[in-house]
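**Student:** Assemble the whole structure, with the sequences as input and the hints as a guide.
Number of protein chains: 2
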Amino acid sequence: MDSKLLSGKIVAQSVYRNIKKQIKNLNEKNITPGLAVILVGKRSDSELYVRIKQKKCKELFINSFLYKFENNVEEEEIIKQIELLNNDQNVHGILIQLPLPNHLDEYNILNKVAIEKDVDGFHSLNFGNLAINSNPLYVPCTPEGCLEMLNYYNIDLEGKHVVLVGCSKVVGLPAALMSLHKEATVSICHIKTQNIKNITRMADILIVACGVPHLVKNDWVKDGVIIIDVGINRMDDLTKKRGYRLVGDVDFDDVYDKVKYITPVPGGVGPMTVAMLMKHCIQYIVENIEEQCVQNLNGGNYIESI
Amino acid sequence: MDSKLLSGKIVAQSVYRNIKKQIKNLNEKNITPGLAVILVGKRSDSELYVRIKQKKCKELFINSFLYKFENNVEEEEIIKQIELLNNDQNVHGILIQLPLPNHLDEYNILNKVAIEKDVDGFHSLNFGNLAINSNPLYVPCTPEGCLEMLNYYNIDLEGKHVVLVGCSKVVGLPAALMSLHKEATVSICHIKTQNIKNITRMADILIVACGVPHLVKNDWVKDGVIIIDVGINRMDDLTKKRGYRLVGDVDFDDVYDKVKYITPVPGGVGPMTVAMLMKHCIQYIVENIEEQCVQNLNGGNYIESI
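Listed in order, the protein sequences are those of chains B and X. When we follow numbering that gives the first Met the number 0, the leftmost residue of the first sequence carries the number 0, and every step to the right adds one. When we follow numbering that gives the first Met the number 0, the leftmost residue of the second sequence carries the number 0, and every step to the right adds one.
Honestly, the hints are just simulated from the structure, not real lab data. One thing to keep in mind: the hints can contain errors.
No copy labels: a pair is met if it fits in one copy or bridges any two.
[To be verified] Derived lysine-lysine pairs resembling PhoX-like cross-links, with alpha carbons at most 20 Å apart:
(1) K54 <-> K19
(2) K168 <-> K181
(3) K239 <-> K41
(4) K168 <-> K239
(5) K181 <-> K191
(6) K111 <-> K20
(7) K3 <-> K221
(8) K221 <-> K196
(9) K257 <-> K221
(10) K168 <-> K20
(11) K3 <-> K257
(12) K23 <-> K57
(13) K79 <-> K239
**Tutor:** In structure tokens, the structure reads:
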């Protein structure tokens with residue numbers, strides 16, 4: 000295998016092996032983990048992501064409950080559903096598929112999820128505990144997946160200069176905070192950053208999550224850099240049957256000669272995001288097993304409401 | 000006046016003028032703002048800071064209630080007091096003077112303060128809302144004071160490279176988050192940072208809060224840098240009556256020829272921290288004035304318990 004590649008597939012497999020053991024233990028105690036997903040509207044990318052998560056749940060024998068709402072749903076209706084799920088002992092994780100339509104208050108909705116079921120880590124309390132490094136119950140899946148990969152490949156962050164390109168709440172910002180708590184020096188760049196290459200060229204570890212295909216080129220990085228490419232973008236490619244191929248935010252071929260390690264797209268961060276979500280679905284019950292004595296009766300059926 | 004100086008005293012005066020007007024308005028509605036301070040043990044620095052805050056409260060006609068506890072107090076006792084204060088309508092802000100003795104769980108104690116009285120902004124929910132830029136009720140006073148000064152002097156952060164030296168929860172980290180939300184590029188350095196000068200020399204705005212006297216020298220900065228020096232350290236000086244003088248984390252004289260602006264120590268960030276705290280003491284009642292219809296009967300007396 001290419002020794003420069005950090006394979007999300009391989010690391011995710013190792014995560015799943017562990018999850019399967021834990022789920023077996025839970026089953027012996029008559030507990031079946033359950034993930035509820037709230038999907039609003041008909042964005043094809045959101046629908047795809049939800050299908051991927053459901054498929055993985057099925058593979059792992061995690062119950063998956065899908066609640067679909069029309070694009071013009073009232074906020075109150077979603078919140079009512081969240082409150083039901085908060086109190087549903089068959090549901091151990093609640094995921095609100097983002098983005099939500101503009102008329103909905105994303106902040107308000109995310110903060111209605113019970114913090115012990117907030118498997119995406121977007122509740123302000125979990126995010127605050129991440130920020131101050133005080134044992135958040137959950138942290139966002141994608142940046143956690145990035146750090147888990149680095150950890151798997153024995154790449155220590157202490158004293159390293161980690162540079163983020165992109166500072167979203169979903170990836171860049173939490174990745175910055177997690178890197179800081181691993182005692183990395185951290186620089187956060189974004190669309191307003193001037194002379195960005197002067198900063199990215201300092202990176203020992205470059206985490207790119209800005210959604211611009213092939214933004215990062217050879218002259219953006221120094222020799223020996225480690226690159227985590229979070230981007231997943233479609234690029235026209237008529238040699239492919241479907242007319243496009245998936246590429247990252249980094250121009251893989253262009254930077255390749257300089258990198259020490261790099262994640263491929265696909266097969267890099269993508270599989271790790273799903274693996275971290277699955278880990279979160281069982282994490283709280285595993286850690287609080289003695290309180291989970293009630294049999295979970297629902298058997299993997301998918302519920303679709305309105 | 001020295002045109003290179005960013006004077007915390009001057010900016011704080013402007014903040015106080017505004018606060019006084021608002022307090023007058025509140026008084027007309029029979030409301031007197033109240034700040035409760037919890038002080039554990041007998042650290043002389045903590046006692047000094049509390050005295051400074053109490054004195055400023057008195058000047059502004061904000062009631063100030065001091066609750067002193069012995070160094071070996073049980074956590075439960077402090078939490079009981081916080082709960083009383085959470086429900087006390089004469090108290091609009093609750094401040095836990097840090098640091099606490101080691102046997103106390105700082106996180107647990109800070110998170111017992113009602114978020115609408117969390118005038119230091121250390122509750123995880125307020126900190127989380129700061130992190131994701133979702134209208135925290137309060138943010139930590141010192142970094143807010145730093146940004147307030149920059150704002151007063153019309154120094155825009157958008158696209159600027161803000162470099163932090165120090166990443167504490169009290170200053171460096173929240174200052175980084177606030178700068179990011181003002182669309183600055185942000186780098187966070189700390190004790191584990193390698194080749195730190197290579198990073199600090201890139202700073203358009205350098206915020207230093209690491210508690211090491213005169214750490215930052217001339218060769219740490221570029222020409223035209225703006226420096227916010229948060230440090231307050233004692234340095235032996237036998238020419239002074241008290242045997243020491245106060246100095247910052249920046250070697251003021253050494254960097255002076257290079258800087259565009261710099262905060263002095265004392266008279267820089269220090270006064271701003273207190274001003275922001277006073278602003279916080281009235282902020283919630285000013286913003287929720289219609290609900291504050293009950294007369295506050297306590298008249299500025301200091302209560303000391305155990």
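**Student:** Take the hints in turn and mark each one as holding or not.
**Tutor:** Going down the list of hints, with the structure as the test:
1. K54 <-> K19: within (15 Å within a copy, 61 Å between copies)
2. K168 <-> K181: both (19 Å within a copy, 15 Å between copies)
3. K239 <-> K41: neither (26 Å within a copy, 73 Å between copies)
4. K168 <-> K239: neither (33 Å within a copy, 50 Å between copies)
5. K181 <-> K191: So K181 and K191 pass the 20 Å test across copies only (10 Å; inside, 26 Å).
6. K111 <-> K20: Answer is neither; intra-copy 31 Å and inter-copy 38 Å both fail.
7. K3 <-> K221: Only inside one copy: K3 and K221 sit 15 Å apart there, 37 Å across copies, limit 20 Å.
8. K221 <-> K196: both (10 Å within a copy, 18 Å between copies)
9. K257 <-> K221: within (7 Å within a copy, 29 Å between copies)
10. K168 <-> K20: Classified as neither: same-chain Cα gap 32 Å, cross-chain 38 Å, threshold 20 Å.
11. K3 <-> K257: within (10 Å within a copy, 44 Å between copies)
12. K23 <-> K57: Classified as within: same-chain Cα gap 14 Å, cross-chain 64 Å, threshold 20 Å.
13. K79 <-> K239: Classified as neither: same-chain Cα gap 45 Å, cross-chain 67 Å, threshold 20 Å.
Checked against the numbered hints given earlier, the structure breaks hints 3, 4, 6, 10, 13 and satisfies all the rest.
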